[in-house]
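Here are the chains, one letter per residue:
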Amino acid sequence: MTAVLDLARVSVDLPAGGFFAPVRLPVVLDVSLGVARGQSVALVGESGSGKTTLARAVMGLQPVAAGRIAFEGAAVEGRAGFARLRRNAALMFQDATASLSPRLTVGDLVTEPFRIHGQPLPDPRRTARELLGMVGLPPAMASRYPHELSGGQARRVGVARALALKPRLVIADEPTAGLDVSVQAEVLNLMTDLRQAMGLAYLIITHNLALVRHVADRVAVLYLGRVVEEGPTGAVFAAPAHPYTASLIAAEPLPDPRRRRADLAIRGEVPSILRRPAGCEFHTRCPLARDICRRRAPDLAVTGPDRRARCHLAVTQPEQGERHAVEN
Amino acid sequence: MTAPLLSVEGLSVSYRVPEGGDVRAVRGVSLAVARGEVLGIMGESGSGKSTLAAAMINLLPPGARIEGGAVRLGGADMLRLPAAEQRRLRGRAVAMVFQDPMTAFNPVLTIGRQMADFAGAHDAARAARGALAAMLARVGIPDAERCLDRYPHELSGGMRQRVAIAAALLMQPEVLIADEPTTALDVTMEAQIIHLLRDLSREFDGAIVVVTHHLGVIAELCDRVAVMYAGEVVEEAPVDALFHDPRHPYTRALLACDPAVVDPASGRLPVIGGRVPDLAALPQGCAFAPRCPAAFAACRTPVPRRVPGPERSVLCHGVAP
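Chains F and B supply the protein sequences, listed in that same order. Using the working numbering, the letters of the first sequence map in sequence onto residues 2 to 329. Using the working numbering, the letters of the second sequence map in sequence onto residues 8 to 328.
Chain F extracted, bound-state conformation (with noise of 0.2 Å):
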């Protein structure tokens, strides 16, 4: 199985401080991850996780400082690299409505990326009613502007659009921000529809756990920047290695009374990425840490089959992953 998307030790910078004394601050560290063809990757992660940038490096949008993108095989570099990937891939915006252009009808929305890519476009109307049929809307859609849709209406708009170049690799950011649980379920299961229609490779930014749980082959948890776990979605969720995992799953508010959350999994916020903490970043949240996890960094360690965490704790004990659940 080739890759459709591979990220070797990426590294992204944002700029900060003042005029005078500019910084660079890292707010993406070191993150490797493939994306399979016809394979979903979640990238999880809190506000301030990194998770938007590394989507943004991805798609050429913010430069890389270190380390390798790679779209089919290829290195992404340079214009025509970042061109290649911009035909081959699209992205979902999270905020649907504002992506789309309040003077451009649906029907002109939807086949615009045609004449951004100048590609061949015979006849719009039929590729537009093409394109909306794909994504369960009707043709009459075409006409209207993105001000008279829905929430979930414009949703599917931004996926026809991301569609009309028949991409292999589709990034996401929030598909689901927004919407109500009933039509952010017709979502999902357009994008699983699609996938199987199409062979479309998913790269799913999120912190919607339960959207990951559906739609995601693997998952990949962000912390500050850095890959803390990684895994096949539903070994991760089963067991999760890293204490950061098992309390974002056990933060989740579940659609049940009887199963009420009496303690917290996780107290306090992200620390800032100005002041990052020694050793283990995560340290200063941990239910579990030690002594070892305030003096020294993990590495990223093999945990399993397929899986890779960041903790001290994980890698020395190799069933960690049952223990490490937080209990409710």
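Worth double-checking, as some hints may not be accurate.
[To be verified] Cβ pair distances, simulated, as ranges: (1) F:Met199 / B:Gly75: 48 to 56 Å; (2) F:Gly79 / B:Gly274: 34 to 42 Å; (3) B:Arg120 / F:Glu78: 50 to 58 Å; (4) F:Pro306 / B:Pro300: 39 to 47 Å; (5) F:Pro23 / B:Leu116: 24 to 32 Å; (6) B:Arg259 / F:Pro306: 36 to 44 Å; (7) B:Arg312 / F:Asp264: 38 to 46 Å; (8) B:Pro114 / F:Lys167: 43 to 51 Å; (9) F:Asp292 / B:Pro149: 21 to 29 Å; (10) B:Arg120 / F:Thr3: 53 to 61 Å; (11) B:Gly274 / F:Ala37: 14 to 22 Å.
[Unchecked claim] Short derived list, chain F residues pointing at chain B, Cβ under 10 Å: (12) Gly152; (13) Ser183; (14) Ala186; (15) Asn190; (16) Asn209; (17) Leu212; (18) Ala251; (19) Leu255; (20) Arg262; (21) Ala266.
[Said to hold, decoys possible] Not everything, but these chain B residues come out facing chain F in the computed CB check (under 8 Å): (22) Glu51; (23) Asp193; (24) Ala267.
Hints are computed from structural coordinates only; laboratory data are not their basis. All of these numbers come straight from a predicted model, not from anything done at the bench. For glycine and all other residues, C-beta sits at the position ideal for the given N, C-alpha and C.
Since chain F is already given, all that's left is putting chain B on it; use the hints.
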């Protein structure tokens, strides 16, 4: 149940739209919340839940018109009091926390100054620095004293929401209304705010009304739930009964399509077919009937409110009287 602190009686609110016609956002809603209780108002966008919440404190947006009904707060009808009387009650009798804590604050004034303003309008003693810091510490702000000198943008979303809750509680209101209090927050911060509200409901001698579309928040936090659809309360029940024995077909469908409860191995998620009806052109009879798998001929006629058990009510022809 003791006498309610706040009760909504047959409330209807509509908005006039430029295309003509009225959007009937809230239709004949009756609800009550008692001391010590957490009431959840659950609904999807366009269900009228935020309009209902705004009506409870009579802060409806311009263009909204109250067609009928009352909001009773300690005997008085909030909707018919003179403006000055309403202002006196807001903060003291009923206070509100909004979805986006950033827009709830003035960006150019410090947190301390704004809290002093809220409190000072009612009571100078509560505006004292020590009292403000104590309230911030109560909602879990570390270093509360220093937080008073900060500006809203210097705080994270979770901290801002805590400050908003502290500000709302300053005057010790009897009813706290929280409109989507965790929607803008990360899951870890959401868990912390739920925890805080649950703690407050235990020690604070009032009632909390939580408005949300998130089933998890309702299950974690509320004692009783009102489910809204197209402007009406279609089902009202104690939280356990609502999640484990839902009676209205809409409640059932909604609970079934939450990705958090569906087995991921099943692949596809159940959906509710069709769309929410146009509130300016509602169908005859039951508003959910066009999407309801169990609809029958009688559903086109006015819907009866059934009472299947204590503290329960369902707006549905299909439920036995």
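Going down the list of hints, with the structure as the test:
1. With their beta carbons about 53 Å apart, methionine 199 of chain F and glycine 75 of chain B fall inside the hinted range of 48 to 56 Å.
2. A hinted range of 34 to 42 Å holds for the C-beta pair glycine 79 of chain F and glycine 274 of chain B, which are about 41 Å apart.
3. Range check, arginine 120 of chain B to glutamate 78 of chain F: Cβ separation about 52 Å, and the 50 to 58 Å hint holds.
4. For proline 306 of chain F and proline 300 of chain B, the Cβ-Cβ distance of about 43 Å falls inside the hinted range of 39 to 47 Å, so the restraint holds.
5. At roughly 31 Å, the beta carbons of proline 23 of chain F and leucine 116 of chain B sit within the given window of 24 to 32 Å.
6. Taking 36 to 44 Å as the suggested C-beta distance range, the pair arginine 259 of chain B and proline 306 of chain F conforms, at roughly 40 Å.
7. Checking the proposed 38 to 46 Å range against arginine 312 of chain B and aspartate 264 of chain F shows it holds: the Cβ atoms sit about 39 Å from each other.
8. In this structure the hint that proline 114 of chain B and lysine 167 of chain F lie 43 to 51 Å apart at CB holds, the actual value being about 45 Å.
9. Checked against the hint of 21 to 29 Å, the pair aspartate 292 of chain F and proline 149 of chain B passes, with Cβ atoms roughly 24 Å apart.
10. Arginine 120 of chain B and threonine 3 of chain F have their C-beta atoms about 60 Å apart, which keeps the hinted 53 to 61 Å range intact.
11. At about 19 Å, the CB distance of glycine 274 of chain B to alanine 37 of chain F agrees with the hint of 14 to 22 Å.
12. Taking 10 Å as the C-beta cut-off, the interface hint given for glycine 152 of chain F holds, the closest approach to chain B being about 7 Å.
13. For serine 183 of chain F, the suggested interface contact is upheld, since its CB lies about 4 Å from the closest CB of chain B, less than 10 Å.
14. Residue-level restraint check for alanine 186 of chain F holds (minimum Cβ-Cβ distance to chain B is 4 Å; threshold 10 Å).
15. About 5 Å separates the beta-carbon of asparagine 190 of chain F from the nearest beta-carbon of chain B, less than 10 Å, and the hint is met.
16. Look at asparagine 209 of chain F: its Cβ gets to within about 8 Å of chain B, closer than 10 Å, so that hint holds up.
17. Nearest Cβ of chain B to the Cβ of leucine 212 of chain F: about 6 Å, under the 10 Å cut. The hint holds.
18. The interface hint given for alanine 251 of chain F holds, since its Cβ lies 8 Å from the closest Cβ of chain B, which is under the 10 Å cut-off.
19. Hint status for leucine 255 of chain F relative to chain B: holds, with the closest Cβ pair at about 6 Å, below 10 Å.
20. With a cut of 10 Å, the hint placing arginine 262 of chain F at the interface with chain B holds, because the nearest CB-to-CB distance is about 7 Å.
21. Given the 10 Å rule on beta carbons, the hint for alanine 266 of chain F holds: about 7 Å separates it from the nearest Cβ of chain B.
22. Hint status for glutamate 51 of chain B relative to chain F: holds, with the closest Cβ pair at about 4 Å, below 8 Å.
23. For aspartate 193 of chain B, the interface hint holds, since its Cβ comes within 8 Å of a Cβ in chain F; the closest pair sits about 4 Å apart.
24. Interface hint at alanine 267 of chain B: satisfied, since its Cβ lies 4 Å from the closest Cβ of chain F, which is below the 8 Å cut-off.
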